[in-house]
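Chains E, B, A and C, in that order, give the protein sequences. With the first letter of the first sequence counted as 1, position 189 gets the number 188 in numbering that gives the first Met the number 0; the numbers rise by one all the way through. With the first letter of the second sequence counted as 1, position 347 gets the number 346 in numbering that gives the first Met the number 0; the numbers rise by one all the way through. With the first letter of the third sequence counted as 1, position 74 gets the number 73 in numbering that gives the first Met the number 0; the numbers rise by one all the way through. With the first letter of the fourth sequence counted as 1, position 38 gets the number 37 in numbering that gives the first Met the number 0; the numbers rise by one all the way through.
Among the hints, a few may not be true.
Claimed, not checked - Straight line, CA to CA, 16 Å or less: simulated EDC-like cross-link-like pairs of lysine to aspartate or glutamate: (1) K2/E / E56/C; (2) K179/C / E19/C; (3) K270/A / D172/C; (4) K242/E / E216/E; (5) K2/C / E56/E; (6) K94/C / D121/C; (7) K94/E / E118/E; (8) K242/E / E214/E; (9) K270/E / D172/B; (10) K2/A / D172/B; (11) K94/C / E355/C; (12) K270/B / E56/E; (13) K94/E / D121/E; (14) K2/B / E56/A; (15) K270/E / D289/E; (16) K94/E / E65/E; (17) K2/C / D121/C; (18) K94/A / E355/A; (19) K270/C / D172/A.
It is worth saying that the hints were derived from the structure and are not from the lab.
There are 4 protein chains.
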Amino acid sequence: MSKPLTYAMIGGGTGAFIGEVHRHAIALDSCATLVAGALSSTPDRSIQSARMLGLPEDRSYSTSQELFEREATREDRVDFVVIVTPNDSHFPIAKAALEHGFHVVLDKPATHTSAQAQELADLAVSNNLLCCITYNYTGYPMVRQARAMIAGGVLGTIRKVFLEYHQGWLASDLESTGQKQAAWRVDPDRAGIGGALGDIGTHAENLGAFVTGLEAESVYAVLHSFVPGRQLDDDASVLINYKGGAHGVLTVSQICIGQGNGLSLRVYGDKGSLIWNQECADELVVTLLDANPITYTRGGPGLDNDAIISTRIPQGHPEGYLEAFANVYRGVTDAIRSMHGAGEPSRLARLIPTIEDGRRGVRFVECSVESAAKGRVVCI
Amino acid sequence: MSKPLTYAMIGGGTGAFIGEVHRHAIALDSCATLVAGALSSTPDRSIQSARMLGLPEDRSYSTSQELFEREATREDRVDFVVIVTPNDSHFPIAKAALEHGFHVVLDKPATHTSAQAQELADLAVSNNLLCCITYNYTGYPMVRQARAMIAGGVLGTIRKVFLEYHQGWLASDLESTGQKQAAWRVDPDRAGIGGALGDIGTHAENLGAFVTGLEAESVYAVLHSFVPGRQLDDDASVLINYKGGAHGVLTVSQICIGQGNGLSLRVYGDKGSLIWNQECADELVVTLLDANPITYTRGGPGLDNDAIISTRIPQGHPEGYLEAFANVYRGVTDAIRSMHGAGEPSRLARLIPTIEDGRRGVRFVECSVESAAKGRVVCI
Amino acid sequence: MSKPLTYAMIGGGTGAFIGEVHRHAIALDSCATLVAGALSSTPDRSIQSARMLGLPEDRSYSTSQELFEREATREDRVDFVVIVTPNDSHFPIAKAALEHGFHVVLDKPATHTSAQAQELADLAVSNNLLCCITYNYTGYPMVRQARAMIAGGVLGTIRKVFLEYHQGWLASDLESTGQKQAAWRVDPDRAGIGGALGDIGTHAENLGAFVTGLEAESVYAVLHSFVPGRQLDDDASVLINYKGGAHGVLTVSQICIGQGNGLSLRVYGDKGSLIWNQECADELVVTLLDANPITYTRGGPGLDNDAIISTRIPQGHPEGYLEAFANVYRGVTDAIRSMHGAGEPSRLARLIPTIEDGRRGVRFVECSVESAAKGRVVCI
Amino acid sequence: MSKPLTYAMIGGGTGAFIGEVHRHAIALDSCATLVAGALSSTPDRSIQSARMLGLPEDRSYSTSQELFEREATREDRVDFVVIVTPNDSHFPIAKAALEHGFHVVLDKPATHTSAQAQELADLAVSNNLLCCITYNYTGYPMVRQARAMIAGGVLGTIRKVFLEYHQGWLASDLESTGQKQAAWRVDPDRAGIGGALGDIGTHAENLGAFVTGLEAESVYAVLHSFVPGRQLDDDASVLINYKGGAHGVLTVSQICIGQGNGLSLRVYGDKGSLIWNQECADELVVTLLDANPITYTRGGPGLDNDAIISTRIPQGHPEGYLEAFANVYRGVTDAIRSMHGAGEPSRLARLIPTIEDGRRGVRFVECSVESAAKGRVVCI
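Same shape as in the complex, but just chain E (with noise of 0.2 Å):
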């Protein structure tokens, strides 16, 4: 094992939910180590943040500004920063750090607008550094068998696709309760235009790329807030027309009580099929034509390379959602260090989603958003 890479985090204080999982899948492989932050939007919780991270004084920024400017100066620069603040914040901060000439981890998605990716995205090309999004579903070696068994022929032409991303926590009106997650999710200037569509609609739009390989082509969407007095989205249905001829359906939901964390990949090709669901995660389903249900296992027989690389320990030992996302920090870092100068990145390094990922799901929410507020299908 190489020597833990160094990262910052902007965002993911005391109180925040996604921070502590990106700190958890860094430090299950322990391929890096946290040394610096700017864990909150206000000065004084952000140094008191740090303190409880045991972070040194000295790197323990008030804000992401301040960190950009002194970490670019130190010798012992973090190699990158991961940034799990709300939406509205990750397009200037995400800039500035390419700016300051780090390597970025972005959580999704990516920025408010595709105009905004696309601007981070050719930054990030001009200066040579990574920008990643954390489509942590992508980490899930049954998710990598089944994108490898499809890129393989094995289910021959896709006809359709089924998509679903559905929970329940946001069935009554949490919001007012003064929950913070559910709070600024529903509110416009933070989250951005979508609701579910942009938090978890953006994770089903990439869970169905990365596997398929399918691109959109156009899409006609329904929107509901059915908790009254919501502005955003928390329900959307959406027809996707993929180029080549196949057809998709979307449903992401979060007023689906019961449903923890529902999201689900359904595919059917002329040759056979396959099902993979979130919440077991460590089996796939595939059947072809005129044959009987196979069911994979991750550590089991008969997988791919891109499945057996991403796992840790035996078939049935479950490994879970912080173990994928791990996978995704196992090829940020490897990609990390390829580009600075450790050879060609490697298989893991190279299956990472990217900012333009993150630019195709934010142009999805868009096109989604016009296509229900106009009743048409929109162009991608």
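Assemble chains B, A and C onto chain E, guided by the hints.
Quick look at chains B, A and C alone, frame taken from chain E:
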């Protein structure tokens, strides 16, 4: 147990699928006896099939017309007729049956046009006859349980409905192999304007209506014929706007390799949700807001009377498709007895689907086909 | 379809459970017609029950003895008798039936002692009559598939067998509430020496023997009566040494709260394994060494002829307990026709469980009870 | 978050399986840092493995003896040692560690004999040191939920316990292929007197004891070595008499083709039951008498505090084996901090399995092996 009624069957001779299903379903509870038939569209095969089923020679008819005319004059005329011919002949045969004074049980989809269905409905009313459509999935005890719970307000106001009916048996060009079941279903002359939509979409639509009581206001549909050369849809995605603001996503497909008879229903209200899957028909999962999922099972605790009276054997001893189908027939024969003076219709009788449900199903197909053709929302 | 046979039922009147199951199962395929009965142990209730079932008055008998005597003299005497009385009367009634020349279908457990079962077996042979035991779980298509695959060597040499039959309905003192089904099952005079062991353990034992073909050599059993005051076992754990070196673990219990009818079978050989669970009866999971699990389904691809002929409707349209039960009856009526000169017995006829299977089940109970009493291994 | 503790690892070098698991588990929550090691039984490979893990040269030891001696003299000596060598060296190494004043985390089974385990227990007490056994399955949130519910009386008096641990990876003669994990596990010199029994049976035994709190009084066991030439058991069936009258059936096997890591627990009391299955570790199904099953999920409603504090991420985002393992380590480091003066042990600290649990596991193996050899019940 009262004396069994008698019935005649139109269609359902050798090589047919659904006719035999009806016969099993009727036999299971010994509620009616097959005593006459015009079992095929060709006179010779009608007679031959009647012989194989052990029908008396004098009630083995060459044509439905002959059957109606002769049976109408018999003192021991059949109590009802079961029509299980391909869709195109449903209307003229059912009409003739009603005109000759016979109660009718008609397979779905009721007719080719909703106007025809309306005509049958009117005729049934004016002749004081029963005209039932075998939407057999309404016969499942746990479907009836779902309906009762929603009617009882357990789920609160319904917001979202997911209806799926996914099969894989038409994923390849089965019709060209001479498979009889495939051949007529993909032929517009015999099947009507809907392919998968008419064949199984009507079941899904009816299941949704039966369980939720919601009324569709408009639909937006996209149809595909994925198998090259196929004229009718083998895949349909329909977004449904219900009166009152609920939204539905109904997807039907016959190209989903690996799916046997994947009919499922998920209903989300503001107080709770329920999930039912035909392939695990004895279970119903209900989750209330902020509570854990409870699995109701046929024969188990806490069931509504509608579920209890629709079951024969204890919990854990699976009942299936034929038992559900038979529950519809128990209702049919109860209804006929009641119309013949045996008192108020039983609860089972009041649960059966009628020609009005059939008409609504045909209308649903018409509007979906129109929406798909025009690329816009169509009012029901 | 040939002309239905006729049968008489002994026991199974009002309030009985299993008699109605037999009647449904026989009716489903219209293979026999109930025309006579002695439906209760008390003459009055026999007559009353016969009336409710619509039996002709002259064939509504007060006692089984009367039935046998009178039917034996009729020209149109019944083809077979179905005996569904409590266990204690199985032997004398079945013996009388065979002595009067009737084919017999007997519910399990066959008799109180294995010697009695042997006597019935001998009598059946010498009188050239059928004596079938309704081990109905052998009628499931996927059980027959399992049997065929093991017989075909798919699993290699069998090493380990897990048989479970767990129910929860006797977890409390139901017998004191007047529940009729509970009362006789826990009464040694009527049930015999085995409680759960006789009632459901014999089913599990037979399922194992039917599917694997293995012969038990010796058993070690531990019995419990967990509900205070209960005389017979309501929980049994039996370790089975099979001839040839395989080992079995059979557990039956009626105090497993939450279990409906949890009968399952897992067989492990040196080349593969199979798992079947009665509550998902249409599925069979088969895994070969170093390969992924394959799910076979009733009506699906790759099935043995024994499974194919035991199914009525397509994949995904669930068949259940009554259909499996009916498969045994299709075999019974085929067997009787064959014995009456209709040619070689059909494959269905050759799959039915006989009094020899019944005898083995009773012997299994006897040995298990002895083992539990003595605290040591007992040879079968 | 407090400053991480430091630890040394004994065993767990290149090619080992469980050492890496421990390292991942410790890293996940950043609760301790690996700073020293004697990673292999051969000095050269120890040093090489240490280099691969990035350990400082002066703390990369050739042998455990060297590690204990040198670390004991350092001011910054490690806080605890993790022992993940093959079973045969557990006792001498753990003894030496305790004698040198180090807290010990020991993989299961604790030792070869229960007397050795007792000696370690005594030593730990007299030296005021922690000696924890990584019965990692006790770390699953829903296992802790199960324990809390039973302790809270939800299930009433426990009657029956089913414990299964079925794997398939040793179904063939893997040890002859040079597979290192297989080789030592089937070698009595290294593994001890139990094969599957020691390797996974101890996990199952401990899971049962942890969750139910029941104490075994006596056992009856049957062992098999199904793979030709194998000396130790690869399949064991153990009937357990618990104090107070409950009964247990524990089956472990490593020849169950198709089973990955099939550890499951079913507990039946007189008021209710619960079922947990390691491969769906986030779920716990609880059924009360005369009620329907309720599915509790990690992160979901209605959980005990023990489950809540053992979880990191929301419902529906799967946590797995490593997270459960990490929960044990969170408890270990909490316990050590507490022993070092950080106040009362946390709840997590009080949930960790100790050498006394380890001793009981070894005793269970000893009694089972004796029972199998003598063919009779053996008192614990």
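Hints and how they fare:
no.: 1; hint: K2/E / E56/C; in the structure: 14 Å, holds
no.: 2; hint: K179/C / E19/C; in the structure: 15 Å, holds
no.: 3; hint: K270/A / D172/C; in the structure: 12 Å, holds
no.: 4; hint: K242/E / E216/E; in the structure: 5 Å, holds
no.: 5; hint: K2/C / E56/E; in the structure: 14 Å, holds
no.: 6; hint: K94/C / D121/C; in the structure: 10 Å, holds
no.: 7; hint: K94/E / E118/E; in the structure: 8 Å, holds
no.: 8; hint: K242/E / E214/E; in the structure: 6 Å, holds
no.: 9; hint: K270/E / D172/B; in the structure: 12 Å, holds
no.: 10; hint: K2/A / D172/B; in the structure: 39 Å, violated
no.: 11; hint: K94/C / E355/C; in the structure: 15 Å, holds
no.: 12; hint: K270/B / E56/E; in the structure: 49 Å, violated
no.: 13; hint: K94/E / D121/E; in the structure: 10 Å, holds
no.: 14; hint: K2/B / E56/A; in the structure: 14 Å, holds
no.: 15; hint: K270/E / D289/E; in the structure: 9 Å, holds
no.: 16; hint: K94/E / E65/E; in the structure: 14 Å, holds
no.: 17; hint: K2/C / D121/C; in the structure: 30 Å, violated
no.: 18; hint: K94/A / E355/A; in the structure: 15 Å, holds
no.: 19; hint: K270/C / D172/A; in the structure: 12 Å, holds
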